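S.K.: Residue numbers for the sequence shown follow the numbering used here, so the first one is 1 and each next one is one higher.
It is possible that some hints are incorrect.
In silico DMTMM-like links for lysine to aspartate or glutamate, alpha-carbon gap of 20 Å or less [stated by the list, open to error]:
#, residue 1, residue 2
1, 183, 20
2, 97, 111
3, 122, 111
4, 161, 178
5, 246, 67
6, 112, 81
7, 203, 187
8, 119, 224
9, 183, 213
10, 250, 152
11, 151, 133
12, 109, 94
13, 119, 103
14, 246, 12
15, 17, 178
16, 100, 67
17, 161, 213
18, 183, 197
19, 97, 20
20, 116, 130
21, 17, 40
22, 127, 94
23, 48, 14
24, 97, 178
25, 66, 218
26, 250, 213
27, 122, 23
28, 246, 230
29, 246, 24
30, 100, 136
31, 44, 23
32, 109, 67
33, 151, 120
34, 48, 20
35, 203, 230
Derived Cβ-Cβ restraints for the label pairs, each shown as a range [what the hints assert, rightly or not]:
#, residue 1, residue 2, range
36, 142, 111, 22 to 30 Å
37, 45, 161, 42 to 50 Å
38, 88, 164, 47 to 55 Å
FYI, nobody ran anything at the bench for these hints, they're computed from the structure.
For clarity, every value in this text was computed on a predicted model and none was experimentally measured.
Ideal Cβ placement from N, Cα and C applies to all residues, glycine included.
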Amino acid sequence: MYFLVQANIYLDPDHYKVFDALDELGIEYEVVNIKPTDTEIAMKANRKDVFVYGSVTMARLAKQYKDWFPGSFYGGNHLYEVYAHYYGSHLLNDEIKIGKLTDDLVWQKGEKKFIKPYKEAKIFTGKVFEKEEWEDFIIEALAHPKLSITKDSEIQISKPKTTIKEARVWIVGGQIIDAGYYKFNGDFAFEASVAAEGMAFAKEMISLFNLEEAFVMDICLTSDGWKIVEINCINSSGFYTNTDVKSIIKALYLYFLNR
1 MYFLVQANIY LDPDHYKVFD ALDELGIEYE VVNIKPTDTE IAMKANRKDV FVYGSVTMAR
61 LAKQYKDWFP GSFYGGNHLY EVYAHYYGSH LLNDEIKIGK LTDDLVWQKG EKKFIKPYKE
121 AKIFTGKVFE KEEWEDFIIE ALAHPKLSIT KDSEIQISKP KTTIKEARVW IVGGQIIDAG
181 YYKFNGDFAF EASVAAEGMA FAKEMISLFN LEEAFVMDIC LTSDGWKIVE INCINSSGFY
241 TNTDVKSIIK ALYLYFLNR
(Lines of atoms letter the chains of each structure in order from A and count residues from 1; the text may use other names and numbers.)
(Lines give C-alpha, C1' and ligand atoms only; values in the text may rest on other atoms or scores of the structure.)
Protein backbone atom coordinates (compact mmCIF):
# COMPACT_ATOMS: atom_id res chain seq x y z
CA MET A 1 0.00 0.00 0.00
CA TYR A 2 1.15 3.50 -0.91
CA PHE A 3 0.83 6.41 1.53
CA LEU A 4 0.08 9.86 0.19
CA VAL A 5 0.97 12.35 2.93
CA GLN A 6 0.38 16.07 2.99
CA ALA A 7 3.31 18.35 3.76
CA ASN A 8 3.12 19.89 7.22
CA ILE A 9 1.49 23.18 6.26
CA TYR A 10 0.02 23.64 9.74
CA LEU A 11 3.39 23.26 11.50
CA ASP A 12 2.01 20.50 13.72
CA PRO A 13 4.93 19.61 16.02
CA ASP A 14 4.06 15.90 15.87
CA HIS A 15 3.43 15.65 12.11
CA TYR A 16 7.00 14.48 11.42
CA LYS A 17 6.18 11.21 13.21
CA VAL A 18 4.30 9.87 10.21
CA PHE A 19 7.42 10.21 8.03
CA ASP A 20 9.64 8.60 10.68
CA ALA A 21 7.22 5.68 10.95
CA LEU A 22 6.98 5.17 7.19
CA ASP A 23 10.77 5.27 6.85
CA GLU A 24 11.33 2.81 9.71
CA LEU A 25 8.75 0.39 8.31
CA GLY A 26 10.09 0.71 4.75
CA ILE A 27 6.68 1.71 3.37
CA GLU A 28 6.54 3.67 0.12
CA TYR A 29 5.06 7.16 0.32
CA GLU A 30 4.81 10.48 -1.45
CA VAL A 31 4.54 13.99 -0.02
CA VAL A 32 2.12 16.45 -1.60
CA ASN A 33 1.22 20.08 -0.98
CA ILE A 34 -2.47 20.90 -0.63
CA LYS A 35 -3.96 24.40 -0.56
CA PRO A 36 -7.47 25.15 0.76
CA THR A 37 -8.47 26.27 -2.76
CA ASP A 38 -7.26 23.10 -4.54
CA THR A 39 -9.81 21.00 -6.41
CA GLU A 40 -7.64 17.93 -7.04
CA ILE A 41 -4.60 16.08 -5.69
CA ALA A 42 -1.49 16.00 -7.87
CA MET A 43 0.04 12.58 -7.18
CA LYS A 44 3.11 11.59 -9.21
CA ALA A 45 2.94 7.83 -8.70
CA ASN A 46 0.61 5.73 -10.82
CA ARG A 47 -0.93 3.80 -7.92
CA LYS A 48 -4.43 2.79 -6.87
CA ASP A 49 -3.56 1.18 -3.52
CA VAL A 50 -3.45 4.57 -1.82
CA PHE A 51 -4.08 5.75 1.74
CA VAL A 52 -4.13 9.51 2.24
CA TYR A 53 -3.14 11.42 5.37
CA GLY A 54 -3.21 15.16 5.90
CA SER A 55 -5.74 17.95 6.33
CA VAL A 56 -9.51 17.77 6.15
CA THR A 57 -9.22 19.40 2.71
CA MET A 58 -7.01 16.55 1.51
CA ALA A 59 -9.33 13.90 2.98
CA ARG A 60 -12.29 15.54 1.25
CA LEU A 61 -10.54 15.87 -2.12
CA ALA A 62 -9.41 12.24 -2.01
CA LYS A 63 -13.05 11.05 -1.99
CA GLN A 64 -13.35 11.94 -5.68
CA TYR A 65 -10.77 9.29 -6.59
CA LYS A 66 -13.09 6.29 -6.50
CA ASP A 67 -10.42 3.83 -7.66
CA TRP A 68 -8.10 4.58 -4.73
CA PHE A 69 -8.26 1.97 -1.99
CA PRO A 70 -8.62 2.52 0.86
CA GLY A 71 -8.24 6.16 -0.15
CA SER A 72 -10.15 8.37 2.27
CA PHE A 73 -12.96 7.65 4.74
CA TYR A 74 -14.10 11.29 4.86
CA GLY A 75 -17.81 11.92 5.43
CA GLY A 76 -20.40 9.16 5.50
CA ASN A 77 -20.66 7.50 8.90
CA HIS A 78 -18.46 10.19 10.47
CA LEU A 79 -21.38 12.61 10.49
CA TYR A 80 -23.01 13.12 13.88
CA GLU A 81 -26.47 12.54 12.41
CA VAL A 82 -25.36 9.02 11.44
CA TYR A 83 -23.38 7.76 14.43
CA ALA A 84 -25.66 9.41 17.02
CA HIS A 85 -28.33 6.90 16.01
CA TYR A 86 -26.10 4.08 17.30
CA TYR A 87 -24.27 5.68 20.22
CA GLY A 88 -27.16 7.75 21.62
CA SER A 89 -26.74 8.60 25.30
CA HIS A 90 -23.15 7.33 25.23
CA LEU A 91 -22.24 10.61 23.51
CA LEU A 92 -21.01 13.52 25.61
CA ASN A 93 -23.28 15.79 23.60
CA ASP A 94 -26.31 13.69 22.74
CA GLU A 95 -28.51 16.73 22.09
CA ILE A 96 -27.10 19.11 19.52
CA LYS A 97 -28.27 21.57 16.91
CA ILE A 98 -26.79 21.97 13.45
CA GLY A 99 -26.78 25.40 11.86
CA LYS A 100 -24.76 27.87 9.83
CA LEU A 101 -22.10 30.25 11.08
CA THR A 102 -24.25 33.35 10.67
CA ASP A 103 -27.53 31.92 11.99
CA ASP A 104 -29.17 34.04 14.69
CA LEU A 105 -28.72 32.08 17.92
CA VAL A 106 -30.97 32.56 20.94
CA TRP A 107 -28.94 33.35 24.07
CA GLN A 108 -30.26 33.50 27.60
CA LYS A 109 -28.67 35.96 30.01
CA GLY A 110 -25.23 34.66 31.02
CA GLU A 111 -25.61 31.55 28.83
CA LYS A 112 -22.63 29.75 27.33
CA LYS A 113 -22.67 27.44 24.31
CA PHE A 114 -20.18 24.88 23.06
CA ILE A 115 -19.76 25.56 19.33
CA LYS A 116 -17.58 23.63 16.88
CA PRO A 117 -17.43 23.05 13.11
CA TYR A 118 -19.79 20.34 11.87
CA LYS A 119 -18.23 18.86 8.72
CA GLU A 120 -15.05 20.88 8.15
CA ALA A 121 -13.52 20.00 11.51
CA LYS A 122 -10.35 22.08 11.18
CA ILE A 123 -11.73 25.46 10.05
CA PHE A 124 -11.75 26.61 13.67
CA THR A 125 -11.26 25.14 17.14
CA GLY A 126 -14.45 24.23 18.97
CA LYS A 127 -14.81 25.83 22.41
CA VAL A 128 -17.25 27.35 24.89
CA PHE A 129 -18.48 30.78 23.80
CA GLU A 130 -20.47 33.57 25.41
CA LYS A 131 -22.74 35.67 23.17
CA GLU A 132 -20.42 38.63 22.64
CA GLU A 133 -17.39 36.41 22.18
CA TRP A 134 -19.16 34.34 19.51
CA GLU A 135 -20.37 37.40 17.62
CA ASP A 136 -16.86 38.90 17.66
CA PHE A 137 -15.44 35.58 16.47
CA ILE A 138 -17.78 35.54 13.45
CA ILE A 139 -16.75 39.05 12.40
CA GLU A 140 -13.05 38.29 12.74
CA ALA A 141 -13.29 34.88 11.06
CA LEU A 142 -15.11 36.17 7.99
CA ALA A 143 -12.65 39.05 7.67
CA HIS A 144 -9.60 36.73 7.80
CA PRO A 145 -8.57 35.89 4.20
CA LYS A 146 -6.46 32.87 5.22
CA LEU A 147 -9.31 31.03 6.96
CA SER A 148 -11.61 28.83 4.88
CA ILE A 149 -14.67 29.95 6.83
CA THR A 150 -17.75 31.31 5.06
CA LYS A 151 -21.12 32.55 6.27
CA ASP A 152 -22.56 29.18 5.22
CA SER A 153 -20.03 27.06 7.13
CA GLU A 154 -21.93 24.50 9.20
CA ILE A 155 -21.60 24.52 12.98
CA GLN A 156 -22.63 22.18 15.79
CA ILE A 157 -24.08 23.71 18.96
CA SER A 158 -24.59 22.07 22.35
CA LYS A 159 -24.58 22.76 26.07
CA PRO A 160 -21.11 22.89 27.66
CA LYS A 161 -20.18 19.70 29.54
CA THR A 162 -17.45 19.15 32.11
CA THR A 163 -14.92 16.39 31.46
CA ILE A 164 -12.33 14.96 33.84
CA LYS A 165 -9.93 13.54 31.26
CA GLU A 166 -10.01 12.91 27.51
CA ALA A 167 -8.28 10.32 25.32
CA ARG A 168 -7.89 9.55 21.62
CA VAL A 169 -8.45 5.96 20.47
CA TRP A 170 -7.19 4.72 17.08
CA ILE A 171 -9.22 1.84 15.60
CA VAL A 172 -8.35 -0.35 12.58
CA GLY A 173 -10.35 -3.38 11.54
CA GLY A 174 -12.51 -3.19 14.66
CA GLN A 175 -9.44 -3.40 16.93
CA ILE A 176 -7.95 -0.71 19.15
CA ILE A 177 -4.40 -0.08 17.94
CA ASP A 178 -3.43 2.78 20.22
CA ALA A 179 -4.96 5.02 22.88
CA GLY A 180 -3.61 7.96 24.82
CA TYR A 181 -4.76 10.90 26.90
CA TYR A 182 -4.59 14.39 25.46
CA LYS A 183 -6.30 16.40 28.21
CA PHE A 184 -6.67 16.35 31.99
CA ASN A 185 -8.96 18.86 33.67
CA GLY A 186 -8.95 20.13 37.24
CA ASP A 187 -6.78 18.41 39.81
CA PHE A 188 -7.13 14.90 38.42
CA ALA A 189 -3.86 12.97 38.65
CA PHE A 190 -1.92 12.26 35.47
CA GLU A 191 -2.06 8.71 34.07
CA ALA A 192 0.37 7.38 31.47
CA SER A 193 -2.09 4.82 30.05
CA VAL A 194 -5.81 5.07 29.42
CA ALA A 195 -7.75 3.52 32.31
CA ALA A 196 -9.04 -0.02 31.84
CA GLU A 197 -12.61 1.28 32.21
CA GLY A 198 -12.04 3.73 29.36
CA MET A 199 -10.63 1.01 27.11
CA ALA A 200 -13.54 -1.28 27.93
CA PHE A 201 -15.95 1.55 27.11
CA ALA A 202 -14.30 2.13 23.72
CA LYS A 203 -14.49 -1.59 22.89
CA GLU A 204 -18.16 -1.63 23.83
CA MET A 205 -18.82 1.33 21.53
CA ILE A 206 -17.02 -0.40 18.65
CA SER A 207 -19.26 -3.44 19.18
CA LEU A 208 -22.33 -1.18 19.04
CA PHE A 209 -21.22 0.43 15.79
CA ASN A 210 -17.90 -0.22 14.05
CA LEU A 211 -18.18 3.04 12.16
CA GLU A 212 -15.51 2.43 9.50
CA GLU A 213 -12.71 0.00 8.73
CA ALA A 214 -10.41 2.63 10.24
CA PHE A 215 -11.40 5.63 12.38
CA VAL A 216 -10.59 7.62 15.49
CA MET A 217 -12.77 7.90 18.59
CA ASP A 218 -12.20 10.55 21.26
CA ILE A 219 -13.56 9.51 24.65
CA CYS A 220 -13.77 11.21 28.03
CA LEU A 221 -14.52 10.52 31.67
CA THR A 222 -17.36 12.55 33.20
CA SER A 223 -19.27 12.49 36.47
CA ASP A 224 -21.72 10.21 34.62
CA GLY A 225 -19.05 7.78 33.47
CA TRP A 226 -17.25 7.44 30.14
CA LYS A 227 -18.65 9.16 27.05
CA ILE A 228 -17.73 9.67 23.39
CA VAL A 229 -16.54 13.21 22.73
CA GLU A 230 -16.58 12.84 18.95
CA ILE A 231 -15.67 10.60 16.03
CA ASN A 232 -12.84 11.68 13.73
CA CYS A 233 -11.75 10.73 10.22
CA ILE A 234 -8.48 8.80 10.51
CA ASN A 235 -7.17 10.43 7.32
CA SER A 236 -7.04 13.85 9.01
CA SER A 237 -6.71 13.09 12.73
CA GLY A 238 -3.73 14.65 14.47
CA PHE A 239 -1.16 12.89 16.60
CA TYR A 240 -0.33 13.73 20.19
CA THR A 241 2.97 13.45 22.05
CA ASN A 242 2.16 9.97 23.35
CA THR A 243 0.70 8.56 20.11
CA ASP A 244 2.34 5.34 18.89
CA VAL A 245 2.34 6.42 15.25
CA LYS A 246 4.47 3.48 14.08
CA SER A 247 1.93 0.95 15.40
CA ILE A 248 -0.93 2.83 13.72
CA ILE A 249 0.82 3.03 10.34
CA LYS A 250 1.81 -0.65 10.55
CA ALA A 251 -1.75 -1.69 11.41
CA LEU A 252 -3.18 0.30 8.50
CA TYR A 253 -0.62 -1.13 6.08
CA LEU A 254 -1.13 -4.76 7.09
CA TYR A 255 -4.91 -4.54 7.32
CA PHE A 256 -5.43 -3.06 3.86
CA LEU A 257 -2.46 -4.74 2.12
CA ASN A 258 -4.35 -7.78 0.86
CA ARG A 259 -7.94 -6.58 0.95
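S.K.: Now tell me if each hint is right for this structure.
M.R.: Here is what the structure says about each hint:
| no. | hint | verdict |
| --- | --- | --- |
| 1 | 183 / 20 | 25 Å, violated |
| 2 | 97 / 111 | 16 Å, holds |
| 3 | 122 / 111 | 25 Å, violated |
| 4 | 161 / 178 | 26 Å, violated |
| 5 | 246 / 67 | 26 Å, violated |
| 6 | 112 / 81 | 23 Å, violated |
| 7 | 203 / 187 | 27 Å, violated |
| 8 | 119 / 224 | 28 Å, violated |
| 9 | 183 / 213 | 26 Å, violated |
| 10 | 250 / 152 | 39 Å, violated |
| 11 | 151 / 133 | 17 Å, holds |
| 12 | 109 / 94 | 24 Å, violated |
| 13 | 119 / 103 | 16 Å, holds |
| 14 | 246 / 12 | 17 Å, holds |
| 15 | 17 / 178 | 15 Å, holds |
| 16 | 100 / 67 | 33 Å, violated |
| 17 | 161 / 213 | 30 Å, violated |
| 18 | 183 / 197 | 17 Å, holds |
| 19 | 97 / 20 | 41 Å, violated |
| 20 | 116 / 130 | 13 Å, holds |
| 21 | 17 / 40 | 25 Å, violated |
| 22 | 127 / 94 | 17 Å, holds |
| 23 | 48 / 14 | 28 Å, violated |
| 24 | 97 / 178 | 31 Å, violated |
| 25 | 66 / 218 | 28 Å, violated |
| 26 | 250 / 213 | 15 Å, holds |
| 27 | 122 / 23 | 27 Å, violated |
| 28 | 246 / 230 | 24 Å, violated |
| 29 | 246 / 24 | 8 Å, holds |
| 30 | 100 / 136 | 16 Å, holds |
| 31 | 44 / 23 | 19 Å, holds |
| 32 | 109 / 67 | 53 Å, violated |
| 33 | 151 / 120 | 13 Å, holds |
| 34 | 48 / 20 | 23 Å, violated |
| 35 | 203 / 230 | 15 Å, holds |
| 36 | 142 / 111: 22 to 30 Å | 23 Å, holds |
| 37 | 45 / 161: 42 to 50 Å | 45 Å, holds |
| 38 | 88 / 164: 47 to 55 Å | 21 Å, violated |
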